[in-house]
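As numbered in my numbering, residues 1 to 123 make up the sequence shown, in order.
Careful: at least some of the hints might be erroneous.
The following label-pair restraints were derived from C-beta to C-beta distances [to be verified]:
| # | residue 1 | residue 2 | range |
| --- | --- | --- | --- |
| 1 | Leu101 | Pro65 | 42 to 52 angstroms |
| 2 | Asn9 | Arg76 | 42 to 52 angstroms |
| 3 | Lys118 | Gly82 | 32 to 42 angstroms |
| 4 | Arg68 | Glu98 | 36 to 46 angstroms |
| 5 | Asn9 | Ala85 | 22 to 32 angstroms |
| 6 | Ser35 | Gln67 | 40 to 50 angstroms |
| 7 | Phe62 | Thr31 | 32 to 42 angstroms |
| 8 | Gly2 | His64 | 18 to 28 angstroms |
| 9 | Ile38 | Arg68 | 34 to 44 angstroms |
| 10 | Ile72 | Ser33 | 34 to 44 angstroms |
| 11 | Ala69 | Phe119 | 35 to 45 angstroms |
| 12 | Ile38 | His64 | 36 to 46 angstroms |
| 13 | His7 | Met121 | 10 to 20 angstroms |
These are calculated hints, taken from the structure and not from any lab test.
Because the structure is a prediction, the values reported are computed rather than measured.
Beta carbons: idealized from backbone N, C-alpha and C, even for Gly.
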Amino acid sequence: TGKLSDHLNKKAMLVFGMALQGLAILLMYWTNSTSLYILLAVALGLGTALVYPTFLSALAGFTHPNQRAESIGVFRLWRDLGYAAGALLTILVTVCLEIDLTLVIIGVLTVISALIIKFRMDN
1 TGKLSDHLNK KAMLVFGMAL QGLAILLMYW TNSTSLYILL AVALGLGTAL VYPTFLSALA
61 GFTHPNQRAE SIGVFRLWRD LGYAAGALLT ILVTVCLEID LTLVIIGVLT VISALIIKFR
121 MDN
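All chains should be modelled from the sequences, with the hints used to inform the complete structure.
Here it is as structure tokens:
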């Protein structure tokens, strides 16, 4: 999808990918079927595949070549801190509430992220 983002609208790919991830996670909360859960996991993977290289491609497109390496480093720092903070917050929510509600919260936050990209990111 990195090559695809060179030809398609990066913003649209990010919004669609994040929304797909969020909806897949949300629907996992209501899923009782193993086959449907597997289908949602595939959708989650497709959303991630759309988003992951597209973020880097968009970042490269929005930064001056002299600042590109630094910008990618800052992006990766915040991304990796998000992984760590997200894992810790997930544990906290799971302990305080229940694991199923963790799926709902993560799904909602991911959909909100898609909306932030839609309304705040330049084309």
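So, going through the hints one by one against the coordinates:
1. Leu101 with Pro65: 42 to 52 angstroms: 45 angstroms, holds
2. Asn9 with Arg76: 42 to 52 angstroms: 24 angstroms, violated
3. Lys118 with Gly82: 32 to 42 angstroms: 19 angstroms, violated
4. Arg68 with Glu98: 36 to 46 angstroms: Holds: the Cβ-Cβ distance is about 43 angstroms, inside 36 to 46 angstroms.
5. Asn9 with Ala85: 22 to 32 angstroms: Distance hint for Asn9, Ala85 holds at roughly 30 angstroms.
6. Ser35 with Gln67: 40 to 50 angstroms: 47 angstroms, holds
7. Phe62 with Thr31: 32 to 42 angstroms: 37 angstroms, holds
8. Gly2 with His64: 18 to 28 angstroms: 21 angstroms, holds
9. Ile38 with Arg68: 34 to 44 angstroms: 39 angstroms, holds
10. Ile72 with Ser33: 34 to 44 angstroms: Holds - the Cβ-Cβ distance for Ile72 and Ser33, about 40 angstroms, lies within 34 to 44 angstroms.
11. Ala69 with Phe119: 35 to 45 angstroms: 29 angstroms, violated
12. Ile38 with His64: 36 to 46 angstroms: About 44 angstroms separates the Cβ atoms of Ile38 and His64, which means 36 to 46 angstroms holds.
13. His7 with Met121: 10 to 20 angstroms: Holds, at about 18 angstroms.
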